[in-house]
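For reference, the chains in residue letters:
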Amino acid sequence: MTEKKKKKTKIWYPHTSENLFSMSGAKGKKYAKKMRNQPSSVTFPSTDFGQNSGGSSSQDRTQRGNGDPQYQWQGGVSGGFQQQRGHWSQPPGPSHQGQFRGGVRGQRGRGDWQGGQLGHRTHQGYQRHSQELPKFITASYFAQARAAEVNAMLKAVKNKNANSQVFQALPKHMRRRAMSHNIKRLPRRLQTIAKKEADKTSQQKKEVSKTKSRKARRRHGNLLLEFNRRQRKNLWLETHIWHAKRFHMVKKWGYCLGDKPTAKCYRACYRAMTKHCLLQDLSYQCCLELRGAEDDLLKALARVTSTDMGATFAAVACLSGKRQGSLVLYRADHYPQEPLGQVTFIWKPKKVPSEERQLWIWTHPTSKQDLLSELLSVCQCSEPIEPRAPIPGPATSSWKVEQKAEAELLGRKRKRNDKEGEEAVALKKIIGDGTRPPNQPVSWRSETTGIVISDLTMEILRYRLIGPLSHCVLADAFKPASDCKESDDVTEGPCPWWLKHCKDADNLSIHHRQKDTFQLLKGVGSPAEIPAGTVLGLTVDDPRLNLPNKRSQSMPDPSQLQDLQKIRQLTLSGVAAECAWSSIWDQAVRDNVTENKIPEKELNHMKSELLVPGSHLSLGPKDSRIPILLVQQPGKQTGEELSGWGSGWDVLVPKGWGMAFWIPFIYRGARAGGLQEGLKHSQNKGAAHFPHDFPDCPAGMRFAKEQENELADKFKRRPPAKRPNYIKHGSIAPFCCPWQQLAEEWEIIVKDSGEEQPAALKGRERPLSAVQGCEEDLLKSAESPSKLRLGLQLEGIEVDAGVSVTESKKACAEGIAGFRVLRSRNVLRQLSVWCRPTSGKGQRGQRLVPSFQQELTPESAVSISAANPISLVWARLTLLKKGSPALHAMISIPTAEDFEQLSKDPVYCGPQEPKHRDHFKHKIKQIKKSKKKKKSPAEETSEGSKTSSPDGGVCSDLTLGLWPEPLPSVTSHCSRVTIGFVTQGDFSLAVGCGEALGFVSLTGLLHVLSRQPADRRGLVLMRNAASLQYRFAKLRIEV
Amino acid sequence: MVRFKSRYLLCEVCFADPRSRQCLEERAVFSAVRDAIARAHGDYGAACCAVSFTVKYLNAYTGILLLRCRKEHYRLLWSALPFIIHLESRGQRQPCRISSIHVGGTIRTCQRFLIRYNRQQLLRMLPGCQSEEERESVHRAVLSCSLKQLEEEGSSRDEDSD
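Keeping their order, the protein sequence lines are chains D and B. Under full-length UniProt numbering, the residue at position 648 of the first sequence is numbered 648, and the numbers go up by one with no gaps. Under full-length UniProt numbering, the residue at position 105 of the second sequence is numbered 105, and the numbers go up by one with no gaps.
The set of hints was computed from the structure by calculation and includes no laboratory data. Ideal placement from N, C-alpha and C gives every residue a C-beta, glycine not left out. Errors might be hidden in some of the hints.
As the list claims (entries may be wrong) - With beta-carbon atoms standing in for the labels, derived distance ranges:
id: 1; chain 1: D; residue 1: Thr201; chain 2: B; residue 2: Arg93; range: 37 to 47 Å
id: 2; chain 1: D; residue 1: Arg185; chain 2: B; residue 2: Lys71; range: 28 to 38 Å
id: 3; chain 1: B; residue 1: Trp78; chain 2: D; residue 2: Pro171; range: 20 to 30 Å
id: 4; chain 1: B; residue 1: Ser99; chain 2: D; residue 2: Thr201; range: 41 to 51 Å
id: 5; chain 1: B; residue 1: Pro82; chain 2: D; residue 2: Pro171; range: 34 to 44 Å
id: 6; chain 1: D; residue 1: Asp199; chain 2: B; residue 2: Arg93; range: 50 to 60 Å
id: 7; chain 1: D; residue 1: Phe227; chain 2: B; residue 2: Arg108; range: 52 to 62 Å
id: 8; chain 1: B; residue 1: Lys71; chain 2: D; residue 2: Lys716; range: 54 to 64 Å
All chains should be built: construct the whole structure from the sequences, respecting the hints.
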């Protein structure tokens, strides 16, 4: 009779449901859900012209979300089909759904049906509908159609709209209060449905968080538990809570550190550094302890250092324990290459001549692992010592056990009827390294030499006081420990170590001498007067006891005149070696002190019970004695001006006493600074800051990478129109300095120019025109690597260079820098002299030149650069006039015209870089367009956008305003030849002009110096990455 | 709540030739009704009804139509329906007659009516069956659209979707 194909017609009219397509995700979904049960229109398939054209369109429409009714409808009807088919004894077809699909596509179902109904019709040949449709309606067909429709309608009517609850469908007069809450208020017939619904929504709802009330959370035990949980991943310093309230905290190097204060205090911090005292918590610095025979230690350590850089571990002053030393360590026997990091070190002073020596190496946490592994291999310490074995004191072991218990406690789920209160008592604050698993070895022993290396991270706190009055703060905050009297021996005081210690007369005498020296400190004008790195051991009373009632600035007291003679001796010769001794070197004493600290609560309680409120609390023998170490930090040592700026003291305190020492400093008017202030301090001081100024160390490379990502992210967050187009500014690498490429390119340039014009290297007395010509050569020769990189694979030599670059990049990926930073003292000294102008105003420096210095000749320059291939030199730049250098500014060579103009025009700032063209802009636009095209057909389906995303990943390398890899020639990209980059730059409040620290290529520098006129020597140009203006700067190398 | 109220007209289309049912399409119906209104009530009527007029549902097999119109003007549409004497589709004119069987305020009431109406029709057919086969098939059809079966199906589908 008829064939039966169910299919929805297309919806034609825009006001009906064309807007379905434009409906956005959530709304469309909601609509689809609502329409799920609604029947859709049913028409005959539009195969009038013999084409099964409807198939694809019907499939399209199933995606709209209300494909279900079609299904439903079909189900009802096809049920009828099957029955009929059985009745007509037709071969059984596929299942409902399969039949339906088949029907749409291949029209097999239709054939079946036709065969069944009419008997005489065959499958093929009936393409026109008019022929297929019968003239008469049979009862069964009529009934089928009605039944199917009834089913569809029933479904539509019975299933309420998905968007409303059951009770919402009730008429108003049947509604009751709180129906949604209490199912029993609904009519009984709806209760089951409502129950189902309620279950569904409760499943969908988020798990109710088990957080307690704020009051409960802030209870001491729970708060501690929470704090301990939070510092499992990133270590907290002991002053963390104090800092977190006042600082922007950053998670760095596995610690939570204060970056900079939230208050506006850039200038105030600088003032504190120059006039009073700035306090910094450096406890994140890691201490490695080496113990063993002196000779063994020195022999082993000699491999990681070089005398070329100056004093090593074996320096006499340091070895005696009088001074702290500073070094850059290298991988064993690799000296000019592969540095590991900068360290400071202190030897424990000898008490007995044949004593086992003890050495503390303080390092930055980023380079700790590198250093530790290297030291272990150098000292052949391969045998780990079980954490508890070398520590006889019960203090640490019990602490470890507690920590373990605590970990268990944290691991378990909290339950309400858990006896939490009892366990909270056992809970303890994490002191020391909380992230380390309890069984991880912290010390290693060498079998052959007996050297023991232990990792004392977080065992000793380090506070840095910077500023000329830091010794006043120290003198006010600390009170040297009072002696133990014999009569006190009866009571078991909290300081058993001090009792024992005082029994020895030697110890007592040392303590008295230390006390005297410490009292002398008050008379010193500034810490800079004391020899650099002086170490002073001391034992002090609990600093919390003599806390002033109010915060005040501690000032030197001129009324208490000191013995001037003694002070002079102190400033000249420093502290005697015996005075440098302190009990803090002794692990047992440290643990004892940490263990026996009187809790803040008890102390406050005792204070409150004083007869006269606010009077000084004296505990007498019960008072704790804390061994500390004071280390003088030298200020600005290099350069001519501002020498001694930023000197101060480092205070080393045993762990657990962090806040007890911090607050007294703050109460004496020390201003707290964060990482940023530390950076500014070292920048003003002209000292290299680890890891910023160590691009050749693994830690420095890691830092550079992080910084690059950070800066690039920040850059990309801005809208493209609101960010500088670095390509147009001619800045190739605004986020990361391509040191490797720079150094290598300069090698090539110098080699090329040397081959072409050996005669041109004729020293300084050349006429300007010759200089100019030479500059042109330079530019020309500098362009050659650029060609190489832009054109890629041209000729033999250039390809070689390219290969070396790729190799070096590989090496970079492995964490080994292909370039070196020149740290040889002699060469640096030589360079420093050469950088100074030989005539003119800056002549004063000339007198300082020792007689052994060589004259700057091309030959000597070549010999130096040949001895140090692919090297960078750390330099300090001071702007002549306006301008403030920024991070990653370029250092370039001025041309002869620039000099001419400078001498003519007194207000001449510097040349301008012509604007570059952005070749990539066009490309980016094209990519964008093609992306859009791709997207438009895929708009309907969400999968479309997903599939196009991998293509987007390829294009994302191109960012508007950034050079894509590979970079073109670094040196010759701009109108002035680049020789280096700035790693730190800012307006220096100390000098009053823009100041920058950066690296220049050694070869490039020598090249420039040998070509510059003598009175202009050391003048370079500097240009910020986002600026076109070059500015003159004075380049200096300070040793 | 303020909302636009509509009237839904449930109509039945009867063709002179059963084969022409295949031309029953939304577009054909839409244009036929629109033209009929324009003829019967002029531009005014056409404009009044054009506002929210749609064919909400259509079943070519049973010839059921559901038209929507604004409540204010549904009488114009209603009165125009008898004047439709043919549907035009694919260039062919199929003579037909549209009779409205129900006017409702919501789609739901129309659906409810349609269920009742169809059931009635089926039951009315049952005694009139001439052969046993016919009777059987109609009987089955009646049984197949029972509520119980539907609920079972519905619950199984819900489980699938969850």
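Results for each hint:
1. Thr201/D to Arg93/B: 37 to 47 Å: At roughly 54 Å between Cβ atoms, Arg93/B and Thr201/D fall outside 37 to 47 Å, so the hint is violated.
2. Arg185/D to Lys71/B: 28 to 38 Å: holds (34 Å)
3. Trp78/B to Pro171/D: 20 to 30 Å: Roughly 27 Å apart at Cβ, these two residues keep to the hinted range, so it holds.
4. Ser99/B to Thr201/D: 41 to 51 Å: Hint holds: Cβ distance 45 Å, inside 41 to 51 Å.
5. Pro82/B to Pro171/D: 34 to 44 Å: holds (35 Å)
6. Asp199/D to Arg93/B: 50 to 60 Å: holds (56 Å)
7. Phe227/D to Arg108/B: 52 to 62 Å: Holds - the Cβ-Cβ distance for Phe227/D and Arg108/B, about 60 Å, lies within 52 to 62 Å.
8. Lys71/B to Lys716/D: 54 to 64 Å: holds (56 Å)
Hint 1 from the list above is the single one not met by this structure.
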